[in-house]
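Chemist: Starting from the given sequences, assemble the full structure and let the hints guide the process.
Chains as they are written, first to last, in my numbering: chain G, 1 to 408; chain F, 1001 to 1068.
Think of the hints as simulated: they come from the structure by calculation, not from any bench.
Take these hints with a grain of salt, some might be off.
Here are the simulated distance ranges between beta carbons [claimed, not checked]:
hint: 1; chain 1: G; residue 1: T230; chain 2: F; residue 2: M1001; range: 37 to 45 Å
hint: 2; chain 1: F; residue 1: E1040; chain 2: G; residue 2: F231; range: 43 to 51 Å
hint: 3; chain 1: G; residue 1: A83; chain 2: F; residue 2: M1001; range: 35 to 43 Å
Here's a subset of chain G near chain F, in silico, CB distances under 7 Å, partners left out [said to hold, decoys possible]:
hint: 4; residue: A73
hint: 5; residue: R220
hint: 6; residue: Q356
Here are some chain F residues pointing at chain G (derived, C-beta under 7 Å) [unchecked claim]:
hint: 7; residue: G1012
hint: 8; residue: V1017
hint: 9; residue: D1029
hint: 10; residue: P1055
hint: 11; residue: S1056
Built from N, CA and C at the ideal position, the CB exists for glycine as well.
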Amino acid sequence: MTETASSRLTDTEFPVQRECPFAEPVEYEQIREQSSIAMVRLTGGGEAWWISGHEQGRAVLADRRFSSDRRKANFPFVSTDPAIRKRLHAQPLSLISMDGAEHTQARRALIGEFTVRRLAALRPRIQQIVDQCIDEMLTTDQHCADLVKTLSLPVPSLVICELLGVPYADHDFFQEHTATLVRRNTASEVRQHSIDELNAYLGALIDRKLASPDDDLLGRQIARQHRDGTFDRSSMVSLAFLLLVAGHETTANMISLGVVGLLQHPEQLAMIKDDPDKTPLAIEELLRFFTIVDSVTSRVATEDVRFGDTTINAGDGVVVSGLSADWDPTVFADPDRLDLERGARHHLAFGFGPHQCLGQNLARLELQIVFDTLFHRIPTLRLAAPLDKIPFKTDAAIYGARELPVAW
Amino acid sequence: MRLNADTGRCVGAGQCVLTEPTVFDQCDDGVVVLVINRPEGEAAQRARHAVALCPSGALSVTEEVDDG
Ligand code: SF4
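Modeler: Below, the structure written as structure tokens:
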């Protein structure tokens, strides 16, 4: 370890803001070269182990000695503000925070909703949603649009409506409030208002389905819990809210960044336009390349765990950097090269271990339909602003673009 | 090779079905089901890839001595 590097690294707080969408922060590379596991200072205070190697990241996420319980002390990036911590304890425990048998049971209740077969049945409906959004884009005389507003956000929002069984008449209400949640400059009271509105809406939706269960995800979950005698309205509302949040902004950001990545690499885009059978593999590479959720995969050690000659002590916070793992050159050669034929399925963009993204195959399906349809229906699509004028979300937990001006 | 699936560990992410649908399936509850447990040729290769991708460690391979 060289002097300069070490002193710079102690000054660095992780995660580091991403400036360029086509590169990992240089500090990620520096720290990974020194050690795949290192103690770092965190933005927002505190310290935690920073896992930057792909192999070590997978190992931590698969290891049940690391807890996902966000209520535990030292959990990375959870505020130390006692009021916030108290609120965390008061809310029903979210699926993403559960461990062990409790998590297995709760997840088991849901996985039937996301089987490859069930999702395949959704394909025609998603195709319809994507076509409608593109139809609307094409009605503008100016031949330009903000892709975030016209496509990236509405598609996942409408797919979630479909999944949760939100009636058509309420789609506008739903879309408006979910969009408010993700807009950065939303004032906190306005955001809270949207959260309250959505929670109230989901509560009423659940009540209606309780009275006459529909055959959709929420209807089936309610019926199931009713049968088992485990129905609890507030947990059901928080589950619906989790599905909404988890599937919405993530997919939206991947749509936007995927379009940027493909438009900036026209020869690669041509390849999937010529042969849509290559799109699924291409999507894995786009997921790896952008790894938009970098450090949500945090844990707390519940026992002492040895990694080589490093010991992670019980109670230590651990951050698995998905971006760093997915740019680990020992696993993905020349990670800064977008190579749609690379075969990158082992990326950590959906995490790993028992918490690996439940909605991953839904996300894959949406991305596949969007990219195949968009470039087919608007072959002249291009960015309408230079890359450095596109407002990327450098300061957000989920990387993406706030706006994406396109023209055709 | 013989494939083993520990249904108790499966977390239903469906990585295996996506990788090789002729070998892996999911029951209605989302848990992995082996359609065949001694795949051959390319299917065997892809099944090995699925084992490596499985996030929960539910899948494993036992190498067998060919007694043919
Ligand atoms: S990949 Fe593993 S965890 Fe996922 S469905 Fe298949 S066996 Fe289950």
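Chemist: For this structure, which hints from the list above don't hold up?
Modeler: Of the numbered hints given earlier, those the structure breaks are 3, 4 and 5, listed in rising order.
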